[in-house]
Amino acid sequence: MTDDASTSTEPGTSTPVLRVRGLVAGYDRIEALHGVDVEVHQGEAVTLIGSNGAGKTTLLRTIAGLMRPWRGTVEFLGEDVSRWPAERRARAGLALVPEGRRVFAGLTVEENLRLGGYPHPRSLAADGLATVYELFPKLRDRRTQAAGTMSGGEQQMLAIGRAMMSRPKLLLLDEPSLGLAPLAVREVADALVELAGRDTTLALVEQNATVAFHVARRGYLLDRGTLVTAGSVAELREDPRVHEAYLGQPVK
Amino acid sequence: MTSLAQFVVTGFTTGATYALVGLGIALIAQVTGVISFAQGEFVMLGGLTFALLEEKGLAAPLAALVAIVLACAVGVVLERLVLPRARAGRTDQTIMLTIGASIVIEGVALVVVGTEPHFARPFTKGSALSVGGVHITPQYVWVVAITAVVLVAMWLLLTRTRVGWAMRATAMDAEAAQLSGISPSRMSLIVFVVAAALGAIGGIVLAPLQSPDAGIGIALGLKGFAAAVIGGLGRPAGAVVGGLALGIVERVAAGYLPGDFSGYSDAIAFALLLLVLLVRPTGLLSALRVERV
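Chains as they are written, first to last, in the UniProt record's numbering: chain A, 1 to 252; chain B, 1 to 293.
There may be inaccurate statements among the hints.
A few chain A residues facing chain B, derived, Cβ under 7 Å [stated by the list, open to error]:
hint, residue
1, Arg102
2, Phe104
3, Leu115
Estimated spans, in silico, between C-beta atoms of each pair [said to hold, decoys possible]:
hint, chain 1, residue 1, chain 2, residue 2, range
4, B, Gly33, A, Thr149, 20 to 28 Å
5, B, Gly132, A, Thr149, 42 to 50 Å
6, A, Arg88, B, Ala59, 38 to 46 Å
7, A, Leu135, B, Val141, 54 to 62 Å
8, B, Gly100, A, Thr229, 51 to 59 Å
9, A, Arg88, B, Leu81, 19 to 27 Å
10, A, Asp141, B, Ala59, 55 to 63 Å
11, A, Val193, B, Thr161, 35 to 43 Å
Because the hints were derived from the structure by calculation, they are not lab data. A quick note: this is a predicted structure, and the numbers were derived from the prediction, not measured. Backbone N, C-alpha and C define an ideal beta-carbon position, used for all residues, glycine too.
So that you can see chain B by itself, here it is in the shape it has in the complex (with noise of 0.2 Å):
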């Protein structure tokens, strides 16, 4: 009963990584059409560049800070690239696309950083806690409070703001929101920047337990949309509960299946994600919606 709590516990970390990937991915393809799976790499720009910067002696805030900011940066290339295809109607080009960028940026990152994994400082020091037997480090609180303030504030965006509004238009209907004065390729470069900083951020508060690598984007990118495709395309709240399950659920059989940890993890992730897609390829929480509404 302990070892599946800390299953649990721990799984819920990795998860909220997944979530706020998968978030990203769920926006992009509400706002664009565009399903994007290149949002890995931002977990991985996020992650090793604070981790990089923090060994070098940068603050941790700072170093935060820059490497949200590069994330972003490189998504507003990547929009660029893709949006002139999407607008195209080529929904197949933008696939291939973004699997390409998903590649050169990992590539970039190889040749620039190495192979060599970097490691990041838990935000706080301070022992673990020990509830019942179940072991919460210091850093698991930060993942959990970190990753609630920023759907939060991800909420508050897309209900109070007038970007929001204008986000939540394009999705629901792209060319009404033009004739309302919309503009659909300035949402599609703020989603796509929103989507990096979220991306950025699920790979820096990760850093410090699984250190970052520059290879670990491509798995992360297909756990992100697994997380999306079960809480239903395009649902932003499905893709974070759907991320939060997916960690948990991969932490939890990996725990009881014997043999090597990491190669069965993610190998539960996708059996998921394909369970999924056959079963249900509208998403697990698709009937619930129906009911709200």
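Chain A on its own, in the form it takes in the complex (with noise of 0.2 Å):
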């Protein structure tokens, strides 16, 4: 995996954005990653693929600072980040739209959105809402409504634009699609393809196989903790383990 021709960039030469080596970790006891190796290169679309339980969440809350790892390293822009707290990670750009959005409910869109650029001065936050209200025109149109009171996609776009206004060279998205109406999937989903076609950094976690293969153009399998493959997304694909990995879901 460190040879990747569909990559832009030219992953042996540069300092990828994202390495994560060795990673053990769990919760209380129960080891849910296995010793995990990830690379995200600058500008690069990613997914991390896998069926339910395989340690996706768990994977994205590790690299995030959510969770400390038992073993293994999180490295970001060169930098071993492992003992950094998640909020230090923040402000460094590394940002993580977690599983369930979690916008807050009881403040209106804007002002999640202001949240979402606390680690910047105000003087940047004028030209990010500009920049997120274009992604997300939607967005504009409620700004003074409550979060909470909006539909699901809407909120995954909140979420996602809050992230944006931290300016992340990394883009974490833990299950983006989930729950969402199948009208709203395809939104984010032209909404990360977009966010992608702007050299974006992003890891996608994804269950929806259709949504990741859709954004990402590299990606990775998991499987009870442990990474059974990666490959482009043409390979992956055709890989007989990715298709038992989501026998009986729902595929479009």
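Put the two chains together into one complex, using the hints given.
Right, here's the structure in full:
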């Protein structure tokens, strides 16, 4: 996986944005990840796929700093951030759109977005807002609405917009399509494709293979806490292990 | 009728102190998930330090400043003690720790200052006004005015400043706030310091009306907790209303009951707390809140 022809940059020559090595993590005494290696390079859109319980969320939460690794390291822009608290990683440009969106329900859309820009001086907020509203025009129309009263799809757009307000150097997304109506799934997927096209480096966790393969160029397959295979989306599409992992999943 | 109005006025001033303590408890609960039973000690620290320094001849504003700074410093110590347990999810331990801290603070105060109450002069001289037979001393006006200023300042802090926004975000969803770059441990420290200052101010304004001694903290902490619970724990405005209501109810009821005044007034406050916990543990104001949203 070190030499990947499908990436636009040259993985061998530049420092990856994210390098995860031998990551072991879990909850209480239950080990959920058994030594995982992942790399994401500048400008890449990568997906982490796998069935329920594969450890995808654990992996993202450990990368973002919401969980501490038991062993292994997380390197971000060449620096070992394994011991950094989540807020420090966020300020350094590592953004996570968490599972379940987690918008501040009682605040308005614009207030949510402004909180997303918390690491930066206020003067940058207007610029960030303009970018987010351009990407999600719906959010502009609803900017004074309480976030909790919006539909799931709109909340997901807000959660992504909030993360973009921090001007991330790497955007992690945990199941952005989960629980959304089919139309909203498409809107979110299109927005992610748009973001990927703008050179946003992103890593996407998805159970919905259609969305994952639509957005990403390259991916990893996780199964029960272990990396099974990695490759280009075209390779993964043909891989029987991918089909096995998604057996019984609704694949559009 | 005149006596009722008098009880309301008197109750309102003690209620203002309960409101400030309750506000501190509600803010701490929201931002950190910890219920602090030590907040009454900050009223004691503020009031007693203020009265002592004033007795020693220090100018009142300076005495007040020193009292607030001292309370804030103790607030920092309390936070450092409680936070690691709170972060490990040991909420039961944090409650015990705050109760323990309360006892320790009181003990240290007893050793340093002794058991006697100390007297603070009213902020300004002047005789009481009589409005329709109701006696209003200048200190009552000071209590209400200072409490009002503090509450407005708190509202501005929470709604207009960056740090206030960060505190509210942490209260709403600590993890999501963290992902936006907000440090929960810094917010915890700030909220403990703010709550300590609120308690100290409550103690300072009350000191000329009820001479503070080292032992007043525990009862005040429980009444502040009652205020916060009446308001629906974790709702800052509710705690303020709860505190004022508690002060008034306690004084009015005690005024009409025969026998020992202060003994009954405590019993009434705690009976009210029990009643709210039994009947409506989410607070008396929770129904109002639902309609607004």
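Structure-based check of each hint:
The criterion of a C-beta within 7 Å of any C-beta in chain B is met by Arg102 of chain A, whose closest approach is roughly 4 Å, and the hint holds. Contact between Phe104 of chain A and chain B, as hinted, is supported at the beta carbon level, the nearest pair being about 5 Å apart and thus within 7 Å. Because the smallest distance between the Cβ of Leu115 of chain A and any Cβ of chain B comes to about 5 Å, under 7 Å, the interface hint for this residue holds. The hinted range of 20 to 28 Å is satisfied by Gly33 of chain B and Thr149 of chain A, whose Cβ atoms lie roughly 26 Å apart.
The beta-carbon spacing between Gly132 of chain B and Thr149 of chain A, approximately 48 Å, falls within the hinted interval of 42 to 50 Å. Between Arg88 of chain A and Ala59 of chain B the beta carbon distance is about 44 Å. The supplied range of 38 to 46 Å therefore holds. The hinted range of 54 to 62 Å is satisfied by Leu135 of chain A and Val141 of chain B, whose Cβ atoms lie roughly 55 Å apart. Checked against the hint of 51 to 59 Å, the C-beta distance between Gly100 of chain B and Thr229 of chain A comes to roughly 55 Å, which is consistent with it.
Distance hint check for Arg88 of chain A and Leu81 of chain B: the Cβ-Cβ separation is about 24 Å, which falls inside the suggested range of 19 to 27 Å. For the pair Asp141 of chain A and Ala59 of chain B, the beta carbons lie near 57 Å from each other, so the given range of 55 to 63 Å is met. At roughly 38 Å, the beta-carbon separation of Val193 of chain A and Thr161 of chain B lies within the given 35 to 43 Å, and the hint holds.
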